[in-house]
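Mind docking chain B on chain A? Use the hints.
Quick note, the sequences are listed as chains A and B, same order.
Residue 1 is where the first sequence starts when you use the numbering used here, and the numbers rise one by one after that.
Residue 1 is where the second sequence starts when you use the numbering used here, and the numbers rise one by one after that.
Simulated from the structure, these hints should not be mistaken for lab results.
Treat the hints with caution; some may be incorrect.
[As the list claims (entries may be wrong)] One side only, chain A facing chain B, incomplete, derived with CB under 7 Å:
#1 G41
#2 H56
#3 W79
#4 P145
#5 Y160
#6 V163
#7 L167
#8 V170
#9 G171
[Stated by the list, open to error] Residues of chain A placed beyond 12 Å of chain B at every Cβ, according to the derived structure:
#10 E37
#11 L88
#12 P175
#13 M320
Where a beta carbon is used, it is the ideal one built from N, C-alpha and C, also for glycine.
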Amino acid sequence: MTSTDGQESGPRRAGSAPASGGTRPGGRRPRRDRVSEALWGYAFIAPAGLGLAVFHLWPVLQTGYFSFTQWGVFGGHTWTGLDNYHRLLTDPEVARSLVNTLAYTALGLVGIPLAIVFAALLNREGLRGTGVYRTLFFLPVVTMPVAVAMVWRWLYNGEYGLVNHVLALVGIDGPHWIADPDTALFALAAVGVWSGLGYNLIIFLAGIQAIPKEFYDAAAIDGAGPVRQFFRITLPLLSPTAFFVSVISVIGSLQLFDLVYVLAGSGLTGRANPAFPRIQTVVQLFYDRAFLTDDRGYAAAIVMMLLVIIVALTALQFRMQKRWVHYG
Amino acid sequence: MAEVGRAYEGGRARSRRRSHVGVHAILIPASLVMIAPFLWQIVTSLKTLSSATRVPPSLLPEGRWDNYGRMFDLLPFSDQFLNTALMAAGRTAGQILLCPLAAYAFARLRFPGRSVLFGLFLSVLMVPPQLFVLPQYEITASLGWLNSVQALIVPGMFSAFGVFLLRQFFLGLPRELEEAARLDGAGPLRTYWYVMLPLARPGVIAMSVLALLWSWNDLFWPLVVNTDPEKMTLSAGLAALQGQFQTDYPVLMAGSLLASLPVIAAFALLQRQFIQGIAHTGVKG
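Chain A extracted, bound-state conformation (with noise of 0.2 Å):
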């Protein structure tokens, strides 16, 4: 704010401001005061406005201009035109990775429905514990994900890891999850998957809880069960906030990073892991290239690929969205 002094100093600014068009058929209000109300909105958004200009949309073209570039060893970058372009569709890191993240993707939209189910099952009228049990699926969101992580690396451990322990239990020699080539990547979505749940939660309780009780009240009088509402009323109702929840999770799923980089390790200690192409993320990817290795020009070609890779999957998810979900 550069004006703090009240309302005094808008009018006044606005007497020697040039009036912007002519005055609206209809709108009664002194040409004055309406432009001192847009000057007020001016300085309003302004320092959020700069801020996100500076720190935000500036950047984002110029990431897009240094995908065309080249840097130096001793900074500097030169234009090299589509360079970064043509190596990025060959080069084999760059594909393992998006493969993987593709398929973490997928493997990650498993706890929508998870979550469906366990929302459809709190909301259930007198239920006992259901703070409690709200609580305890919520816990992991709010907790640090490299924590998470690091807990999860623990319990994944081959030979002293809570999961293999219990496993032994039941006769079964657990591989080594995160640092087995065959598992790391399922290994990995699990643990997406269990800290998402209690966000994915919260929002499909919302969801349920603006259905009209009356729906139900008139399913139960026509003889419908607790399944059968479920499956008539709750889900086909649900399908907006399902669309929602599947398009954020689609867009955080291709960002992953945090988990991903505990787990799996980056740079030096990534490459002690023999599973770490096979659970290799496109951020992580970046990450190396642009601050690891340096190659900042070549990284920003891999973030570009990322958006567009997010844009496409987002325009394709509203697309089909028509086939799917039910609005009103």
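The following block gives chain B in isolation, referenced to the frame of chain A:
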């Protein structure tokens, strides 16, 4: 389920009770899966390394509280704690100051170009944050801010999400009080500060709680800008430790518990606000 229709009152109550047993039979094991990793984290954090790696493992902790102390030897843990707290507080304070102000203007004040500008704000919301990182890093480096607290705070003070969330909130507030303030001669700033901002408090709290949560847990940006251990945040510090001391799990468990404890405590205190905040993110315009 078939008996719902007959003997209305009694039958319904009985079937409900019975089906709740079934519900608990699903929810109890499920919540065990949710809580077990944390319980195991606590148990492990109180063991020695040799007993943590015993087969079969003991399910009981051993009271090795010194694991928590050892965290402070391995890392400048208290520095990192302070950095994280300053980052979370600074970003949240910035957002509380700036977001509702812009949100109010977008919701209620009329000015030319309002929808175009709001569209620009929204477009920021759609872009994955990784696209900001390289130029933000360049800006931070050119300001000489690498390895500083302001590097952690300043780029995170501006939130398109906060503006969007609160605009929705302001749009849902009644216009009457605002009109009354205006008729009394209050200008937009005064109306905003004394009338509308107090009314928007639940929305501002929901936004702040999320801002606190997300900045406390943030990894990518702090990892990139502050590489000096004294200037790192807890998440970056812990992640760095992971690479070096891969085997001492009891100490790692103690450290990760300490690092996530403040947010878990805040959640315990402000549970309703957390949950409302999250539920708000699911409310579409």
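A quick look at each hint next to the structure:
1. The interface hint given for G41/A is met, as the beta carbon of that residue sits about 4 Å from the closest beta carbon of chain B, less than 7 Å.
2. For H56/A, the suggested interface contact is upheld, since its CB lies about 5 Å from the closest CB of chain B, less than 7 Å.
3. Violation of the interface hint for W79/A is found here, the shortest Cβ-Cβ separation to chain B being roughly 16 Å, above the 7 Å cut-off.
4. Hint on P145/A holds. Least Cβ distance to chain B is approximately 6 Å, under the 7 Å limit.
5. Among the interface hints, the one on Y160/A holds; its C-beta lies about 5 Å from the nearest C-beta in chain B, closer than the 7 Å criterion.
6. For V163/A, the interface hint is violated, since its Cβ never comes within 7 Å of a Cβ in chain B; the closest pair sits about 10 Å apart.
7. Hint status for L167/A relative to chain B: violated, with the closest Cβ pair at about 12 Å, above 7 Å.
8. Hint on V170/A is violated. Least Cβ distance to chain B is approximately 14 Å, over the 7 Å limit.
9. Hint on G171/A is violated. Least Cβ distance to chain B is approximately 14 Å, over the 7 Å limit.
10. Not every CB of chain B is more than 12 Å from the CB of E37/A (nearest about 5 Å), against its label as outside the interface.
11. For L88/A, the condition that its CB be more than 12 Å from all CB atoms of chain B holds, with the nearest at approximately 15 Å.
12. At roughly 16 Å from the closest C-beta of chain B, the C-beta of P175/A stays outside 12 Å, upholding its exclusion from the interface.
13. M320/A, annotated as away from the interface, keeps every beta carbon of chain B farther than 12 Å; the closest lies near 18 Å.
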